[in-house]
Structures are given as structure tokens and as C-alpha cells.
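Asks: Okay, here's what each chain looks like letter by letter:
2 protein chains.
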Amino acid sequence: MKWEVRISYKKGVQDSEGESTLSGLRALGFRGVERVGAAKVYLIEGEVSREDVEEMCRRLLANPVSQDYTITEVK
Amino acid sequence: MKWEVRISYKKGVQDSEGESTLSGLRALGFRGVERVGAAKVYLIEGEVSREDVEEMCRRLLANPVSQDYTITEVK
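As they're listed, the protein sequences go chains V and F. Position 13 (the first sequence) corresponds to 74 in my numbering; numbering is contiguous. Position 61 (the second sequence) corresponds to 122 in my numbering; numbering is contiguous.
If you are wondering where the hints come from, they were derived from the structure by calculation, not from laboratory data. Fair warning: there could be bad hints in the mix.
Repeated chains share a single entry, so a pair holds when one copy, or any two copies, can fit it.
[Unchecked claim] Derived lysine-lysine pairs resembling DSS-like cross-links, with alpha carbons at most 25 Å apart:
1) K101 / K71
2) K101 / K63
3) K101 / K136
The following block holds chain V by itself, in its conformation from the complex (with noise of 0.2 Å):
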């Protein structure tokens, strides 16, 4: 099976590296960008079930303090 997990910040959590690619973006002339959000996939294939992938995301990907995670089935 193939997995996709999607790694963000909760809300009110604040996201430093889109923020930065935003600074970024704005000083390379990027004048219309209002705001950037930045998040991590990671694609796991593999004898896996969707509750073995919560709990890789609980003790391994996500940090349970500052990030939320959403697992999606890749067909």
C-alpha cells in the first residue's frame, strides 16, 4: 500500500519558513503574494495499514505540540 501524509502547523502556530519564503518571494519582486504556507509530504509504501501510519505520525513525523497530519490512501 501507498501512503501520503501531509505534515502542517496548527493554526496560531506560527510558520516560520513560509514566512520566510514569503520575505523571500517579496524581495525577488513578487509583489502580489499575501501569504505563504509550507508543509511536508511524505509518500511510505509498504506492508502498512492506515492505523500503523497514525501511529508513525504520533511517534516519528508530526510533532503532536505544533503540527497536525493528514493521511491519504495513494491509489
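Based on these hints, arrange chain F on the given structure of chain V.
Replies: Structure of chain F alone, referenced to chain V:
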């Protein structure tokens, strides 16, 4: 407009983060995992066209030597 940019490694380029995540998951006991790939996502909002976002990828977001990017409009 809102755009999603996904940055991943080109085929044949070492995905160090994916590989170290695979090692970490196996060390935690997830023996069924066979492969992990890592990618980065940026959500870009503002008065920007697809051509603008392509230019952002070329000039800042992606490394043209080692990374590919895909751009999707988020409705």
C-alpha cells in the same frame, strides 16, 4: 488565487530525508515499511498567476539540478 506547489526530488537523486525517515521508522519497529519519499509543499496565496508561480519555483523554491515541481490551483 491559491496555488499548491509540490517540490520533490528528481528520479535518481538521493532523497536523504526520505531515507533517514525510513531508517527511523524501521528502528521504531515498523518493519513493513519499504520506501519513504519526502517532498515539500508550499501554499501560495495572492494576486499571482501560474506563470508567476513557475518563476517562483525556478528562482527560489526548487533546486533545478535536483528537484522537480508541480503546480496545482487550489479552488
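Asks: Each of the hints needs a verdict: does it hold here or not?
Replies: So, going through the hints one by one against the coordinates:
no., hint, result
1, K101 / K71, "both (13 Å within a copy, 17 Å between copies)"
2, K101 / K63, "both (16 Å within a copy, 18 Å between copies)"
3, K101 / K136, "both (20 Å within a copy, 20 Å between copies)"
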